[in-house]
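Engineer: In order, the protein sequences belong to chains A, B and C.
Counting from 0, one number per residue, gives the positions in the first sequence under numbering that gives the first Met the number 0.
Counting from 0, one number per residue, gives the positions in the second sequence under numbering that gives the first Met the number 0.
Counting from 0, one number per residue, gives the positions in the third sequence under numbering that gives the first Met the number 0.
This list has only true hints and no planted wrong ones.
Partial list, derived from the structure: chain C residues whose beta carbon lies under 10 Å from chain A:
hint: 1; residue: G57
hint: 2; residue: P78
hint: 3; residue: R80
hint: 4; residue: R81
hint: 5; residue: V83
hint: 6; residue: Y90
hint: 7; residue: E107
hint: 8; residue: I155
Quick caveat, the hints were computed from the structure, so don't treat them as lab data.
Ideal Cβ positions, reconstructed from N, Cα and C, are used throughout, including at glycine.
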Amino acid sequence: MKIARSLFTGGLLAYTGLFFAFIYIPLAVIAVYSFNANPVNMMTWTGFTTEWYAQVLGFKTKVSESALYIESTGQLLQAVWNSLVIAASTTAIATVFGTAIAIALYRFEFVGQRFYRVVMFMPMLMPDIVLGIALLIFFVNSGIRLGLTTIIIGQCTFLISYVFIVVSARLAGMDRTLEHASADLGANEWMTFRRVVLPQLFPAIVGGALLAFIISMDDLVITYFIAGVDVTTLPMFIFSMLRRGIKPEINAIAVMMLSFSFVVASLGLYLRSRQK
Amino acid sequence: MTIASRRRFQLALLLGPVSAFLAVFFLGPLAIMVVTSFLAPGLYGGVEWTFYPHNFGRILGFADPMFEEYDPIYIAIFLRSVEIAALTVLATLLVCYPAAFCIARLSERSKNFCLFLITLPFFTSLIVRLFVWVLILRQTGLVNEVLLSSGLTERPLDLIYTKGAIILGMTYVFIPFMFMPVYASVEKLDWTLVRASLDLGAGPIRTFWRIILPLTAPGIAGGAVIVFIPALGNFVVPAVLGGAKVMMFGNLIEQQFLAARNWPFGAALAMMVMSVMLIMMVAHVVLSGRRSAAAAALAR
Amino acid sequence: MQNSIVRLVEASKAFTTPEGGIVTALDRIDLNVRRNEFLTLLGPSGCGKTTLLQAISGFVELDGGSILIDGEDMTDRPPYRRPVNTVFQNYALFPHMTVGENVAYSLEVAGVAKPERREKVAAALKMVGLEGMEARRPRQLSGGQQQRVALARAIIARPKLLLLDEPLSALDKNLRQAMQIELKTLQNELGISFIFVTHDQQEALTMSDRVAVLSGGRIQQLDTPRAIYDHPVNTFVATFIGASNLFEGRLDGDRLMTADGMAIRHQPCDRRILTQATALIRPEQFFLAEDNAPFPTIDIDLDQIVFVGSTFELFGRTAEGRKVVAEVPANRRSLIGTVEQTRKARLAYDPAAVHLIGTTTGAA
Numbered sequence: 000m001k002i003a004r005s006l007f008t009g010g011l012l013a014y015t016g017l018f019f020a021f022i023y024i025p026l027a028v029i030a031v032y033s034f035n036a037n038p039v040n041m042m043t044w045t046g047f048t049t050e051w052y053a054q055v056l057g058f059k060t061k062v063s064e065s066a067l068y069i070e071s072t073g074q075l076l077q078a079v080w081n082s083l084v085i086a087a088s089t090t091a092i093a094t095v096f097g098t099a100i101a102i103a104l105y106r107f108e109f110v111g112q113r114f115y116r117v118v119m120f121m122p123m124l125m126p127d128i129v130l131g132i133a134l135l136i137f138f139v140n141s142g143i144r145l146g147l148t149t150i151i152i153g154q155c156t157f158l159i160s161y162v163f164i165v166v167s168a169r170l171a172g173m174d175r176t177l178e179h180a181s182a183d184l185g186a187n188e189w190m191t192f193r194r195v196v197l198p199q200l201f202p203a204i205v206g207g208a209l210l211a212f213i214i215s216m217d218d219l220v221i222t223y224f225i226a227g228v229d230v231t232t233l234p235m236f237i238f239s240m241l242r243r244g245i246k247p248e249i250n251a252i253a254v255m256m257l258s259f260s261f262v263v264a265s266l267g268l269y270l271r272s273r274q275k
Numbered sequence: 000m001t002i003a004s005r006r007r008f009q010l011a012l013l014l015g016p017v018s019a020f021l022a023v024f025f026l027g028p029l030a031i032m033v034v035t036s037f038l039a040p041g042l043y044g045g046v047e048w049t050f051y052p053h054n055f056g057r058i059l060g061f062a063d064p065m066f067e068e069y070d071p072i073y074i075a076i077f078l079r080s081v082e083i084a085a086l087t088v089l090a091t092l093l094v095c096y097p098a099a100f101c102i103a104r105l106s107e108r109s110k111n112f113c114l115f116l117i118t119l120p121f122f123t124s125l126i127v128r129l130f131v132w133v134l135i136l137r138q139t140g141l142v143n144e145v146l147l148s149s150g151l152t153e154r155p156l157d158l159i160y161t162k163g164a165i166i167l168g169m170t171y172v173f174i175p176f177m178f179m180p181v182y183a184s185v186e187k188l189d190w191t192l193v194r195a196s197l198d199l200g201a202g203p204i205r206t207f208w209r210i211i212l213p214l215t216a217p218g219i220a221g222g223a224v225i226v227f228i229p230a231l232g233n234f235v236v237p238a239v240l241g242g243a244k245v246m247m248f249g250n251l252i253e254q255q256f257l258a259a260r261n262w263p264f265g266a267a268l269a270m271m272v273m274s275v276m277l278i279m280m281v282a283h284v285v286l287s288g289r290r291s292a293a294a295a296a297l298a299r
Numbered sequence: 000m001q002n003s004i005v006r007l008v009e010a011s012k013a014f015t016t017p018e019g020g021i022v023t024a025l026d027r028i029d030l031n032v033r034r035n036e037f038l039t040l041l042g043p044s045g046c047g048k049t050t051l052l053q054a055i056s057g058f059v060e061l062d063g064g065s066i067l068i069d070g071e072d073m074t075d076r077p078p079y080r081r082p083v084n085t086v087f088q089n090y091a092l093f094p095h096m097t098v099g100e101n102v103a104y105s106l107e108v109a110g111v112a113k114p115e116r117r118e119k120v121a122a123a124l125k126m127v128g129l130e131g132m133e134a135r136r137p138r139q140l141s142g143g144q145q146q147r148v149a150l151a152r153a154i155i156a157r158p159k160l161l162l163l164d165e166p167l168s169a170l171d172k173n174l175r176q177a178m179q180i181e182l183k184t185l186q187n188e189l190g191i192s193f194i195f196v197t198h199d200q201q202e203a204l205t206m207s208d209r210v211a212v213l214s215g216g217r218i219q220q221l222d223t224p225r226a227i228y229d230h231p232v233n234t235f236v237a238t239f240i241g242a243s244n245l246f247e248g249r250l251d252g253d254r255l256m257t258a259d260g261m262a263i264r265h266q267p268c269d270r271r272i273l274t275q276a277t278a279l280i281r282p283e284q285f286f287l288a289e290d291n292a293p294f295p296t297i298d299i300d301l302d303q304i305v306f307v308g309s310t311f312e313l314f315g316r317t318a319e320g321r322k323v324v325a326e327v328p329a330n331r332r333s334l335i336g337t338v339e340q341t342r343k344a345r346l347a348y349d350p351a352a353v354h355l356i357g358t359t360t361g362a363a
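If we strip away everything but chain A, and leave its shape as in the complex, we get (with noise of 0.2 Å):
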């Protein structure tokens, strides 16, 4: 009985191992095999290098003086420059309409709570795709030129709610008889708001902001139906060279993104945990 149990419990231990290789081993290799010399078969190792990450940077290196790279790094740039812009935008805008609809629904009481409440999950669970074709009609009918405007306007829709969720969660827990006290105590309610929920409200605001901006910058389906023809972000543009076949600078430019984002990440998510 006792060796069955254990080992049962190796068993789960070992397959919890695998689950997190199968995670991790995947990243690891691209970010080993992003300093492969080699230029054209990505994963045959030939030697250690680190010109695609000089390359993509817009250093000139060998291969860039041939005239085939530079257009696509100028490309680069542009696109990482647009998906900047947009989530900065994006994410200003959904953190006040987000943590508005979350202090609207757990600080007050009106008709219609319920709707605001399906409203704000019905983007996590709708297919992207039914979002973005709906946007890609909607903006052609009523004129408007597809562009940064319009992928902005877009992706607020859905960030809304992942703002939402994350503050909202945060309104729940909290104590509302600090509120009471602080009111009690000869607060009115601005000063309220001001001394007693805003501080605590505080890291979970900037926590869904922090979600918003990394999934701006990540989202490729609503973005590429509403983007037109002239605004590349920097999934799109990852996402056609994919299609094009893949050069190894997509390599250094995936390691330096999942770089990025899992700085940003481990900072949300270290922000959120620290407020519990």
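Since the structure of chain A is already known, use the hints to place chains B and C on it.
Structural biologist: Frame of chain A, contents of chains B and C only:
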């Protein structure tokens, strides 16, 4: 101003702008999509404003007799998508369920760290995570390199652009979606009940089927819903890992919008996905409602 | 009304339950709280005592009626403009502020200058026995200390009235008893009225100048602890406070005849002309009858004898099958001995100690 009217003013300030935004840019577009799915396609893209149920007919078997033919391929692609999504649910469950038990029993610190490691990929770029699998699976990819150089095979295997590749990619991408709800119900599991079952003479397997599985079923159901729905409508994974060979419903919709430019038909296809989603949601609510009703009856 | 600090006139409040039912939390309540009084609101959960407290502090808006504090109408005033402070059940200390910041909060909000604030915080903390704890965080303190911080925070601005919402329920028994005495002392020192909410009748009896027993959104009885214990106005109050033996029946001269034929002697009371009444005999009013004692008696068959230290509790039933509980001093061991052997007891009582309750509830 009275307290009540001031509260109303504050509420209006909070909700007004965001309500207008969502009404125009979220609910509006969805409504227009529904309308569009019942309109006739224009000759050069665009729509004609006449009621035209044959968009659905093309999919379900009553095509417009004048211009189009019913083609069972759409239903076939739809069913294939359902199959792939269902297999993805199964695969994520098999991957996550045992791991959830292991992690739930760790110390508080290691538990939190494990949860961090599992959620982290969710925050990294989807397209990058799929790209990794392209590098691993393609003809000149890692797996084939290893197999060829070790002499296990002589010709590279067809790993990418298969149904299996799509399921693998989706499983990889959707792991956090399945893990979180499953883990939540596993962690809540009261182990004294398991001990009670063993004490009452049920063996480990019986205890699993009669106690552990039913008690963690809500988490499994929740995970299944939130994996199945995005998997069904997904077009990125099949586009990257299925290529032109294995098409899913999402690719079909994309084609209608960006290549064929038959928007009403594309909208009708999207409506199919939406209706599956609604059916699943209602089923989930009804079933879990029944479950909680049963629980309430037991508690009495 | 010079002597009144809080006055409620026909205060009413009803809630709608999630199932769609309506619960009357306050049913046209009239209440006067005197200056410098320790008043306790006592009742089972759901009786409306917390609603009443929140109506005074302003967190519950009344459906009807009015509230006056120190002669001023407060009915439509938000909580932050009422001269009352509350000690909350779970203390409600702000976790992101230090003890000092917590205590200073009401002064800060009122715009009191920093040096004065510091001085007053030190004094308030001293008053509750927490000198020098300003820089600590609430979560570094024990439950009892958090309780004191909450108290200091609520009294620092010298409210006209202090409300305490079951503040001692989270403390263990010894600490609770110590705090009961401290609260009473503090109230005397401050010279302000306390309204204390509890469901613990023992706590209510020990601390209060007056006790209001609430049930079903109404004040059943408002009186001194002794009067409430000795002369409950109805059976609810009688059973809610202390153990009781109740005999319902028809009055006949100096006897009360129950339907099953028991006769309970009492002192005829000429203030009221009742035909139906309930006789109340507290368990400690019984004593074990010796032969030829000049007192009426009730014979019981014993079910159980429980030794509780200073007394024995006897549980038994009469020939008619009524359950009776009696509490007899533990110093009469010889008598107890016989009772234990025979499993029978003859309980005597003084007719003067029998309290009659009129059958119409609520009328005194």
